[in-house]
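Join the two chains into one complex using the hints; note that each chain is given alone, in its own frame.
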Amino acid sequence: MNARAEPLRLALLGNPNCGKTALFNQLTGSRQKVANYAGVTVERKEGRLRGPSGRQYAVLDLPGAYSLSPASLDEAITRDLCRGFYPGEAAPDLLVCVVDATNLRLHLRFVLEVLQMGKPVIVALNMSDAARRRGIQIDRAALERELGVSVVETVAVRHHGARALVERIDELAAQPRLPQVTLAEGADLHAETRRLLDAAVRMPARTAHIDDLLDRWLLHPLFGLLTLALVMFLIFQAVYAWATPVMDLIEAGTAALGEWVGGSLSEGPLASLLVDGIIAGLGGVIVFLPQILILFAFILALEESGYLPRAAFLLDRMMAGAGLSGRSFIPLLSSFACAIPGIMATRSIQDPRDRLATILVAPLMTCSARLPVYALLIGAFIPAREVALGFNLQGLVLFGLYMAGILSALAVSWVMKKWRRDKGEHPLMLELPSYRVPHPRDLLIGLGERGMIFLKRVGGIIFALTVLLWVLLSFPAAPPDATMPAIDYSLAGRIGHSMTALFAPLGFNWQICIALIPGLAAREVAVSSLATVYALSAVDDEAATQALTPLISDGWSLATGLSLLVWFIYAPQCIATWAAIKRETGSWKTMAIAAGYLFVLAYLASLLTYQVAVRLGAG
Amino acid sequence: MTLTDSPPRTPVLVLSVEDAHPGDPIARRLRELGFVAGEEVRIVARGPFGAEPLLVQVGYTRFALRRAEAARVLVTPVQPAAQPSAPMQDHAPAPVEEREVSA
Numbered sequence: 001m002n003a004r005a006e007p008l009r010l011a012l013l014g015n016p017n018c019g020k021t022a023l024f025n026q027l028t029g030s031r032q033k034v035a036n037y038a039g040v041t042v043e044r045k046e047g048r049l050r051g052p053s054g055r056q057y058a059v060l061d062l063p064g065a066y067s068l069s070p071a072s073l074d075e076a077i078t079r080d081l082c083r084g085f086y087p088g089e090a091a092p093d094l095l096v097c098v099v100d101a102t103n104l105r106l107h108l109r110f111v112l113e114v115l116q117m118g119k120p121v122i123v124a125l126n127m128s129d130a131a132r133r134r135g136i137q138i139d140r141a142a143l144e145r146e147l148g149v150s151v152v153e154t155v156a157v158r159h160h161g162a163r164a165l166v167e168r169i170d171e172l173a174a175q176p177r178l179p180q181v182t183l184a185e186g187a188d189l190h191a192e193t194r195r196l197l198d199a200a201v202r203m204p205a206r207t208a209h210i211d212d213l214l215d216r217w218l219l220h221p222l223f224g225l226l227t228l229a230l231v232m233f234l235i236f237q238a239v240y241a242w243a244t245p246v247m248d249l250i251e252a253g254t255a256a257l258g259e260w261v262g263g264s265l266s267e268g269p270l271a272s273l274l275v276d277g278i279i280a281g282l283g284g285v286i287v288f289l290p291q292i293l294i295l296f297a298f299i300l301a302l303e304e305s306g307y308l309p310r311a312a313f314l315l316d317r318m319m320a321g322a323g324l325s326g327r328s329f330i331p332l333l334s335s336f337a338c339a340i341p342g343i344m345a346t347r348s349i350q351d352p353r354d355r356l357a358t359i360l361v362a363p364l365m366t367c368s369a370r371l372p373v374y375a376l377l378i379g380a381f382i383p384a385r386e387v388a389l390g391f392n393l394q395g396l397v398l399f400g401l402y403m404a405g406i407l408s409a410l411a412v413s414w415v416m417k418k419w420r421r422d423k424g425e426h427p428l429m430l431e432l433p434s435y436r437v438p439h440p441r442d443l444l445i446g447l448g449e450r451g452m453i454f455l456k457r458v459g460g461i462i463f464a465l466t467v468l469l470w471v472l473l474s475f476p477a478a479p480p481d482a483t484m485p486a487i488d489y490s491l492a493g494r495i496g497h498s499m500t501a502l503f504a505p506l507g508f509n510w511q512i513c514i515a516l517i518p519g520l521a522a523r524e525v526a527v528s529s530l531a532t533v534y535a536l537s538a539v540d541d542e543a544a545t546q547a548l549t550p551l552i553s554d555g556w557s558l559a560t561g562l563s564l565l566v567w568f569i570y571a572p573q574c575i576a577t578w579a580a581i582k583r584e585t586g587s588w589k590t591m592a593i594a595a596g597y598l599f600v601l602a603y604l605a606s607l608l609t610y611q612v613a614v615r616l617g618a619g
Numbered sequence: 001m002t003l004t005d006s007p008p009r010t011p012v013l014v015l016s017v018e019d020a021h022p023g024d025p026i027a028r029r030l031r032e033l034g035f036v037a038g039e040e041v042r043i044v045a046r047g048p049f050g051a052e053p054l055l056v057q058v059g060y061t062r063f064a065l066r067r068a069e070a071a072r073v074l075v076t077p078v079q080p081a082a083q084p085s086a087p088m089q090d091h092a093p094a095p096v097e098e099r100e101v102s103a
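Protein chains in written order, with the numbering used here: chain A, 1 to 619; chain B, 1 to 103.
Same shape as in the complex, but just chain B (with noise of 0.2 Å):
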């Protein structure tokens, strides 16, 4: 599924973000802003008119997207063993990096 479809405040591991043309610079800025293979997202907010646009964690920061940007971004849920018990914190696989276990 692409990120637009993920439901709000529930973290996904990106899988690629597609070019939506060759040489695709939206593609190429997000793959730069830490949309990579593997690397857990979250929808946190979305905007009042039309649900756009949406306010995505990644990392540390928060981008604001329009739908046409998110979709870019494929997306596969969090494996169910991690099912996280408050939205607002990650409780992200094992710790294997102490960095990803919340406070």
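Extracted from the complex, chain A is given alone in its bound form (with noise of 0.2 Å):
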């Protein structure tokens, strides 16, 4: 083992929460590297590591698992891994078996069936200064003694907290072999979990006081809940309203470097190719990170403080109803904002199915970018009469779509659980760990990865298809003795048009259905189309909303314009939308799956409006 060239092949392995991969970003900072294990949706991190005798090290955080008989995809690959049996994963040399000081009963148990596999093993006590602090006395020699492997005391959120581990390890690297015990197969893992409590470990009291103490207020059926109301009421609002001023930003900046660009160059299918599909392209892929971080920055802080889990336990009875999770809640709030920062916070629900749900059912929520189609269509068809109690009619309509989409979207979940042919028990089975500070180092490794993930995974084929629908709008071009606008004339026009036999039933005519394929690249863009198509020059949104409203609402029957309401509720209207979840299934069936079933909503619930509209006299 000298003298390899390779690097040695460390594997952190340990129970959730046990602060495995605080331990891994202080083994590795930010050299890291974050990939799927193939063929799954499981995150794979793997880092580089250097020792003080220079020895380079692999180090792979696997998925955490309570048992080395899996339960989950998670906790099967962690098994095949340590055994060596993945594909296209070397076995590791080490398996650097983390456990947390202050929980020892639980996490020794699973050390002790990590030594059943007999291979080398180094168990990393972290947390121990939390243990200290707890008067939780651990005789450190007493269990490397007992259990015949090393055990190192680690604190992860510490600078070089971590110096003694990598020590040691650089010491086991430098023997001829490295040293491993073997626990017989069939053992009592517990009462051998005991008789190491008893021979080294001094507990005073079983859980923490702050704990006991938070969690009494956190968990109390109404402080609890309007804690919990609070704090979602702080999420969904920096997610609305703080990333609004920098997407602005982004926005302009955008529209400003694409004007430049069409100056600089001679007008043609390059300058349009440049300005229209590629920096339009890449500014609609950025514009999406400001949501994505806040939002993220928020969940990492509550995964990492303990209380995400808490606010599923508040949640889960509610949601289980629906064939949800409590921890599908928080994505589906953000989806409130937009649907892809949403459906990349699914990535904390563990079971695979519930995750499904919640990935299926985020794009009903009513999202910003529904808004200004909402605000033109509503502003044209709906007076603004007030009702009763000093609502307003205008905003009942809204609300009520706001509303619709929720319901929609509980109805589906509901009749994907009746209808799913896994019948299984699928088990909450959650662990509430003690809280803890989050550490900002883990939260910024964190945000980076996120952003990462979204930049190169799910903006590769936002920006793709934006392109793609840039040559549907730009070719063929218009003849230079054109009376209709250009967008007539190119695929995208003749596609509308054809589409009109299709949606006649729904009241929308070939203007709106010209309109609709622009919309794809964001809803939003609905509004400019339309001014596009009916040849308005309007500067931006506002002014095109203005000059629109009269044509609409003098041209379209009130039965039209409530049709595209509904429609605009549940249609698949967003590309970045497919995109976020093919990247997060990874795979394109349930991507059209998704699009599918809501193109068939929107296509019913369009033509149920307008032909109820019509029949009461609104066509």
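Simulated from the structure, these hints should not be mistaken for laboratory data. These numbers come from a predicted model, not from an experiment. Mixed in with the good hints there might be a few duds.
Said to hold, decoys possible - Here are the simulated distance ranges between beta carbons:
1) R50(A) / D19(B): 46 to 54 Å
2) E144(A) / A37(B): 40 to 48 Å
3) D19(B) / R615(A): 57 to 65 Å
Unchecked claim - Calculated from the model, a selection of chain A residues having no Cβ within reach of chain B, i.e. all distances over 12 Å:
4) S53
5) Q56
6) L68
7) R105
8) I122
9) I136
10) E153
11) P179
12) H220
13) P221
14) M232
15) P433
16) L468
17) D554
Idealized CB from N, CA, C, for every residue including glycine.
Structure representation (structure tokens):
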């Protein structure tokens, strides 16, 4: 083992909440590569570490596991990888088993299970500072003697808190053969754990008083829910309001860059590709970043502090009734700002079935991009009349549109639950870990990862589809003696015209059909596209809305207006959402199912709305 | 009685975890999490809707269990000699094991 050219492979494993990822960040710093394990959407994190001897190590952060008899995909991957059975992954040379020193009863049992594999193991006694503060005395030497493997204290959140571990690993690696012990199969691991605890641990109290105190308030049926409502309000407000100025800035910057590039190039297909295709496409990707980063800053902080599982505890019963889980709540809430960060946030849902259900209904939450469309249509068709108690009819309709989205999401997930072939019980069994103050380094690394995943993976698909859309909208070009707007001559225009037959029962005219196509880039684009189709020259969305309002309120029937409003509740009218679904589920099929069911819902709901409205004399 | 029926904030001893069906993975996982005969457990909180899920303290760890999961755990009251005076602390049997004595 001494003169190996390949770096030694270390694998970090341990129970969830043992501080394994913080230790991984401490060991590898920002030298991390985040990808997925082949064929599945479980995250694979690898990093590099250099020991004091100069030796190089490849460190793999395995998914958290309570046991090597797997109950989830994560645990199956951890088991297979440790044993060296995972296809395409080399077996680790040394297993670094991370345990929370304040939770040894549970975590030592897992160490014993790991020892049964008979691989070289070193135990990292993590959070040893927290244990000391709580008066837990651990006789490290005794534990080492009883276990038969090295036990090293670590404090993952402190600078140099893993130095002793690295030194010990370096010493082990210098030996000709890595030491290993094997525990007999079939041993009573609980009895053995009790024996170890008796031999090496003095524990004054079972739980930290601060945890007891906080849980008494934060899990209280009334105060707990009030606190949760406050936290949710803050997150929603932040994602919705704080991101807006930055997004406006990005949009203005993109437009300015486009103008500058357009101005310095002669008019032609190249300039158009650069400005309307590439620059607009890139801008369309980056504009999502502020919301994603703000949302994930909150989610990471909540997860690290231990509050997120508590929120799931409070809401589980309510969400389970609709076929979701308590953890679905935050992703769905953030989908009101934008479905993209919402869908990415479903990573905090461990159960794959609950996660898929959440992803599929997230687009039904009324995202902020629908607002300009709603504003145009409500302004044009719904009279600004006071109905009762100071409520305005326009406001009520807007509220109704939001509620229709929420109720439809609950109905859809409920139907999915009923129709699912898999009738197995999906347990909650959720650990509520001790409260912790999140470490800024872990938050920053986590945020950086989310940002890169979005830009690299989701961004690529959004960008490609935006350029494709540009092709559809620009070719073939309008003839020089054109009397109609250019879009009318393009492929998109032709598709729009041919769609008219399909959409006539919904009351959509050909102008609407054409505007729906560029609206795929982002829903709010539908407004400016309508302005283009009606050959209006409007400088921005606001001007477009003002110019359009009299036109459509005269030109369209009320039934058409209502039908289009209902269409936008459901329609899968956003390629960025498609890209996020494809990326997060790793499946084109799931993406197609999501787009397909939303389209069918949108079509049927609009059909019903239009036909009923026409019968009632609004045609 | 099952863990579901045990009164909140009162320590009880685990008798066994029953399989709901042969090879029940949920029962197996509960045993792995520390629900084994003789272990002291306690319901520390209940969810706001329909008193579900239950927050159960086992060893040094707290798990949220739905009622259907908790119903697999058979428990018996801790002997009356060990009346807990303060519900949040463990005045468990006699301090045979020092780690079970409260601060």
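Evaluation of the provided hints:
Evaluation of the 46 to 54 Å hint for R50(A) and D19(B) yields a pass: the beta carbon distance comes to about 49 Å. The hint said 40 to 48 Å for the Cβ distance between E144(A) and A37(B), and at roughly 29 Å that hint is violated. Remark: the range hint 57 to 65 Å for D19(B) to R615(A) is upheld by a beta-carbon distance near 58 Å. Non-interface call for S53(A) relative to chain B: holds, since the shortest CB-CB distance, roughly 37 Å, exceeds 12 Å.
Taking the minimum C-beta to C-beta distance to chain B, about 36 Å, the non-interface status of Q56(A) holds against the 12 Å cut. For L68(A), the non-interface assignment is contradicted: its Cβ lies about 10 Å from the closest Cβ of chain B, within the 12 Å cut-off. Chain B draws R105(A) into its interface by the beta-carbon criterion, the shortest separation being 4 Å against a cut-off of 12 Å. The non-interface label for I122(A) is consistent with chain B: the shortest C-beta to C-beta separation is roughly 23 Å, beyond 12 Å.
At the 12 Å boundary, the C-beta of I136(A) falls inside the reach of chain B, the nearest C-beta of that chain being 8 Å off. With a cut of 12 Å on Cβ distances, E153(A) stays outside the contact zone with chain B, its closest approach being about 18 Å. The non-interface label for P179(A) is consistent with chain B: the shortest C-beta to C-beta separation is roughly 27 Å, beyond 12 Å. Non-interface status of H220(A) relative to chain B is broken: a Cβ of that chain comes within 12 Å, the nearest being about 8 Å off.
Non-interface call for P221(A) relative to chain B: violated, since the shortest CB-CB distance, roughly 4 Å, does not exceed 12 Å. Separation of M232(A) from chain B is adequate, the least Cβ-Cβ distance of about 15 Å exceeding the 12 Å criterion. Not every C-beta of chain B lies more than 12 Å from that of P433(A), the closest at about 8 Å, which undercuts listing it as non-interface. L468(A), annotated as away from the interface, keeps every beta carbon of chain B farther than 12 Å; the closest lies near 45 Å.
Consistency note on D554(A): stated as away from chain B, and its beta-carbon is indeed over 12 Å from all of that chain's, at 50 Å minimum.
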